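J.: Residues per chain, in single letters:
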Amino acid sequence: MPAAAAVKPPSWLADEAARPVPSLPPETEAVILLDEQSTVVNTKGVMTTICRRAARVLRPGGVEMLGRLALAVTYDSKVKSMRGWAINPSGSTREATMDQALSSSIAPGTLYMDAKIMVLTVPEVEVGSVVGFEWKEEQKPEAIEDNCAFQGPFPVLRAHYSISLPPGWEPHLRWINWPPPEPGPSASEAGTLSVDMADIPAIADEPLRPKEHALAGRLLVHIKPPSPHIRSFSAWPDMGAWYADLSGPRRVPDEAVSQMARKLITDSPDSLSKIRALAEFAQKEIRYVSIRIGIGGFQPHFAASVLANRYGDCKDKSTLLAALLQAVGIDSHFIIIHTDRGGVNLRSPVSLGSFNHLILAIRLPDDVPDAGLDSLVRHPSLGQLLVFDPTMPTTPLGRLPYYLQDNTGLLVAGNSGELLVLPRPGLEGNGIDRRGRLVLAGDGSLAGEITETRRGAEADFLRYHISAATEAGRRKYLETFLARFLGSFSLQSFEFKNLEDDRRDLVVSYRFVAAGYAKRAGGYLVVRPRILGSRAVDLDSKGKAPRRYPIDLETTLFARDEFTIEMPAGWTPDSLPEPIDLDSGFAAYASRTEESGRTLVYRREYRLTEPLLPADRHDEALKFFRAVGADEQQSLLLKTTETRTPQ
Amino acid sequence: MTRKRSRRALPAAFALMTILAVPAPGRRAVAQEPSWPPIMTADSEMKDCPHQPGAPAVILYREEITDVTTRTTSVFRRLKILTDAGLDRANIEIPYIAGYSEIAGIEARVVPPEGPAREFGGQIFEKTALRVRKMRVAVKTFALPDVEVGSIIDTRYEVRHRKSGSSAKEKLDEILTGLGELEARPEEGGFTERKEPRAIAIGRWRVQEDLFTKKAKFAYTNKMTLIQFLLSGGWRLAWASVGMPTGAPRIGLASAQLEVSDIPAFDAEDYMIPEEMLRMSVDLFYIHGLVENGEEFWKLESADWQKGVERFMGKPAKLEGRTRGIVGDATEPLDRLKRIYASVQGLRHLSYEKGLTRAERKERKIKDNRSVADVLERGYGLRSDVTRTFVALARAAGFAAEVIRVAACDNKLFRKDYLSFSEQLDSELALVEVGGRNYLLDPATPFCPFGLAHWSRTNTTAVRFSDAPPAFFTTPHFPPDMALTQREVALDLEPGGGLRGSVKTTYTGQEALVRRLDNLGSDDTTRKEAFEKEMTDILPAGSAATLTKVEDIDRSAPALIVRYDIVIPGLGTSAGDRTLLPVSPLLGPGRYPFRHAERRHSVYFPYPFREFDDIVITLPEGLAVEVRPEPRKNQDDFSSYSLACALVAPNKLHIQRDLVVKKIFHPVERYAALKAFFDTARSVDEGQIVLTRAPGVRLTEPHQ
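Residue numbers (the numbering used here), protein chains in the order written: chain X, -6 to 640; chain H, 3 to 706.
Bound conformation, chain X alone (with noise of 0.2 Å):
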């Protein structure tokens, strides 16, 4: 890219160049010495909003991050200017225009879409460098709201936010993971309310933390103009409202629907196999194809069209399945949410932007019996509500993929909306049991057979990636899982057994030989009993600061191990583990190896009830993985029952 040529730069960006920069910790990549935003909101509901942002370099890293601006051009917002510059620490400056900015439509996932994401660069920058970016964009929203999104990946020393309103038009502040400032500010007699703040530190990383934007402070500025020509929302059930507005007569069925509705039914003797006949065919017959024009970010294609192509997004898969449901009598309502939990809970404020995926909850008829239904929800008017995600591919009707149980969303229902928090599914939801019957021979061989019985999201998250997989990657999945516990052995045979049927258990049986599994040491065998799988979980912070935030294991699980080993003849065991057992509270472990005959059994039970932990309860939880992990390494000797001459 041509380089942009040496100029002065703005006597903001000199300024804040000037400021000293506190100590800060070493792993630092920048510090933003300002962020500052300022809207102005026009009669006609059109935003305006200017910013500046300055950095300073403090590591490599920082250059990459720091030194580009992006910013997404869509159906409702412009890019009206951009500029960059950097002064660097030999005094040199560098300055970026917009029209050196490159453009991409390119999104993961999307197949088409109109939108465009415009990044600027500033060449030359260096550890060091100051850069800054004053930007220009215009936009007008669905909903008109402003956002301040003033806590990131790097340390914020000032953060200045702005905005003006025409007369008779009412901001209200919502501080989102971050403490309301005392006393709030109040608007100026132009019509101009400013917030100033300070300080403000990194999101930093830490071992299994919740995602990012569940985490970080931002300020989101309702506005509620006087004219009712001006959408805003004041709540979720305005979003609500909004929403049915916008996908109500998609979800409308046709002919074409209604007639593919009854095919799908014929053979289904009760209203579940009717509507699980229906879910499926959305699930795995519509393929995900996403396509985003102007609005489409937002509102589905219609569902004759779906059908007709046999392809769609997340909003259009939900959209058919729900005029399929409408053709057959049965009622439903879209949940708009975010494929990371953690964004929105009960307490958030409405916003447009909360969200990122649309799925389904299926109003049950009261013939259908609950038992056994995991993703069901009783909701106190509308009565027993089955969620579906009809994107996850296998995932079926009646339980939730991993990262929507216990998320929140938004319920649309009528001409409203509501936050609902769905299930997490009891301990027997998500489950694992592994079997072994194996042979140890004298030379340290070990023989058998493995048989692993996965339910709920242990069989769904792998039945996504063998489904697609070849035989070979089948086999190679397998061998890297034993590599991690066997050091030289050879897989004989493996089978997945309904893999196609999600409704059944994923079975998975492997049979292998590990040469050398027991370790000759004098005249004992070296056995390790735990013979694969683990359950520890690193949550060692390295060293760094106490523990910031909340511990995310994902889900619930029940796991259980038994692996029988035949000892080989003439050996016994010189003396066993001591068997272990182990309550946290959010989880427990016991293990206990015993000789039964010729036989070692060892057994192990590992229950996860809460997965998402406080932060304050992190030392325990590390207490508690750690003793997992020295149990997972015990090992026990095994003798010759004859005359024992050890080395």
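Do not rely on the hints blindly, as some may be mistaken.
Claimed, not checked - A short list of chain H residues far from chain X (calculated; beta carbon distances all over 12 Å):
id: 1; residue: E121
id: 2; residue: A332
id: 3; residue: T359
id: 4; residue: S576
id: 5; residue: K654
What the hints assert, rightly or not - Covered stretches of chain H, going by a simulated chain X footprint (3 or more residues, C-beta under 8 Å):
id: 6; stretch: 524 to 532
id: 7; stretch: 625 to 639
Stated by the list, open to error - Simulated pairs of lysine-lysine, PhoX-like, Cα-Cα distance not exceeding 25 Å:
id: 8; chain 1: H; residue 1: K340; chain 2: H; residue 2: K364
id: 9; chain 1: X; residue 1: K73; chain 2: H; residue 2: K136
id: 10; chain 1: H; residue 1: K219; chain 2: H; residue 2: K49
id: 11; chain 1: X; residue 1: K469; chain 2: H; residue 2: K49
id: 12; chain 1: X; residue 1: K616; chain 2: H; residue 2: K535
id: 13; chain 1: X; residue 1: K109; chain 2: H; residue 2: K136
id: 14; chain 1: H; residue 1: K551; chain 2: X; residue 2: K71
id: 15; chain 1: H; residue 1: K364; chain 2: X; residue 2: K469
id: 16; chain 1: X; residue 1: K1; chain 2: H; residue 2: K677
None of these hints come from the bench; they were simulated from the model. In this text the structure is predicted, and so the values were computed from the model without any measurement. For each residue, glycine too, the CB sits at the ideal point set by N, CA and C.
Start from chain X and add chain H according to the hints.
T.: The following block gives chain H in isolation, referenced to the frame of chain X:
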């Protein structure tokens, strides 16, 4: 100067050039085939691909026909969906560079397993993959509706090449390089393409895809008359292939055609030779009428390069004063040469400055060097400038020194039948004779110590100065001891079963050099993270490594030394009244590279290497060694491994582990033996030391 070239990202058709002065006739109308080719019964009935069981789809037929006179490439593709995972193949994407080519006449249909075929009549979108100023990489895209497992998908279209020359592609490469999107390789410089080239690459047929292909046809035609041919200078078509087991293209005066069948799916693996050297492909190029054959081409090109180098270096006598100042009072020839080497290494290495592209240099007014005098006056240079300066100074000091041009093997291997000097012989080294011994030297690589060359320039084809060029030879490779990682580990076994202590890792030769280059421009924190990750990768799960010191990472010292404190929790475990401890605490997965029983491609290590661990473990009071593993030693021509565990004091174990990989290339037939070698190493590493506990001593479990 050599232009950085990359073939990544763009299909061969984009590289099509019209090198002959044949005026292109008006565009041909989009081919209006009366119908689609018939579908064979066997293809209709196909349920699985026996050559790739479980494959998501199979390519039944593909065809690429390039007609230079109309500047078009006609593409046809027939694919069958075999599983649900293959349904994505019904989303079609056709990339091209807008303004340089265009896509026309897109047609597609779906033939379901039962029922009539359906022509595609839906919307075709055009999206921008990347736009920078007037340059735009666009993608035609559409989704075929109503596709199911068993469907056959036919697509066809024309690529119309609007402009000749490869400037658009090179421009795009330059942009991507500037953005860091292309592979970052230091710019070499030092070779100027002739205005009238002797050979011109016109495209690559990428024969092998990630799906099995039943049959494929590629053709290139240039419908010129004999008179046109003669007027053009007698350019003739030639080809070179990679990985093709059988089937050579049929070559005519100005046309080529290749028909192949049963092409396996390509599957990349770790530790394989560069992918471009394995994936089946055919390169087409024109050779000038004055170049008789390949030998002639290399002779002429080598002679040109040689002349250019000599011109750049100039007369040695002019540098004698400068050289005297550099060598100073050194009298021994080797010392004198080392001083020159150190002096040249002190130049500013432009090729290794991130983001310093040709355009950026121009912007910053960093002039290109045209001679050694320029380099010395300005104090900077590209790789070839630095190497030539070193050789020129060495000559001025009286050494027999020359520049050699090598095929750097980090992204390719040399192919003599592929006639491109700049693409293949893309790096330079110095060869100096001292006391009857030839030294291969790499002064242009920062921190490369005297006597070493970066691994990518070893064991590879090179051409040297000669009165009768080309003088090809193979550069030597360095022995495993020139890539040594030595760890001195001192650990205390703690009562809880954990190990705690320190590690001093000494890297020499290639191992030091690659780490120094990896850390060019990085800061202390980045280095700390990188080294700590490298250490924890060879420790058991749950272990922690804290870097305490790095020595000599920014200079060409003989060794790079990295020190850590490490903690390995729970490695010692209780077994009744005994404690068990693996003989090697360095048991992380990073040490054992091969997991899979089957392998398609030969194993290719960048360089021979050696890892030597010297471990001392101090036992706590109350523990005594009952059993130690027996010493083990395995050795063959390819590798060797040994481990010995000695009791050097009642409470001190001394373990020495030595693993050597002597060969770079391990044919796939030897894979089982190579895997067994590493499996055995792991098995021995995991061997257990049995410790007895004195009465009353107890191993405290962490959870208690």
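J.: Hint by hint, note whether the structure agrees.
T.: Checked hints:
At the 12 Å boundary, the C-beta of E121(H) stays outside the reach of chain X, the nearest C-beta of that chain being 15 Å off. Non-interface call for A332(H) relative to chain X: holds, since the shortest CB-CB distance, roughly 36 Å, exceeds 12 Å. Listed as outside the interface, T359(H) is inconsistent with that label: its C-beta sits roughly 8 Å from the nearest C-beta of chain X, within the 12 Å cut-off. Here S576(H) does not stay apart from chain X, with its beta-carbon only about 7 Å from theirs, under the 12 Å limit.
Every CB of chain X is more than 12 Å from the CB of K654(H) (nearest about 19 Å), matching its label as outside the interface. Coverage of the stretch 524 to 532 of chain H by chain X holds [criterion: at least 3 residues with CB-CB distance below 8 Å; count 6]. Residues of the stretch 625 to 639 of chain H lying with their CB closer than 8 Å to a CB of chain X number 4, which satisfies the three-residue condition for coverage. Taken as a hint, the K340(H) and K364(H) pair is broken in the structure, with Cα atoms around 33 Å apart against an allowance of 25 Å.
Straight-line distance between C-alpha atoms of K73(X) and K136(H) comes to about 19 Å, which keeps the hinted pair within the 25 Å bound. Restraint check for K219(H) and K49(H): the C-alpha separation of about 24 Å stays at or below 25 Å, so the hint holds. In summary, the hint linking K469(X) to K49(H) is supported, as the alpha carbons are separated by about 23 Å, within the 25 Å threshold. For the hint pairing K616(X) with K535(H), the CA-to-CA distance comes to about 23 Å; that is within 25 Å, so the pair holds.
Between K109(X) and K136(H), the direct Cα distance comes to roughly 16 Å. Compliance with the 25 Å bound is thereby established for this hinted pair. Note on K551(H) and K71(X): the hinted pairing is violated, with a Cα-Cα distance of about 51 Å set against a maximum of 25 Å. Our distance criterion of 25 Å between C-alpha atoms is broken by K364(H) and K469(X), whose separation comes to about 50 Å. Only pairs whose Cα atoms come within 25 Å are accepted, and K1(X) paired with K677(H) is rejected, the gap being roughly 61 Å.
Hints 3, 4, 8, 14, 15 and 16 from the earlier list are contradicted by this structure; the remaining hints agree with it.
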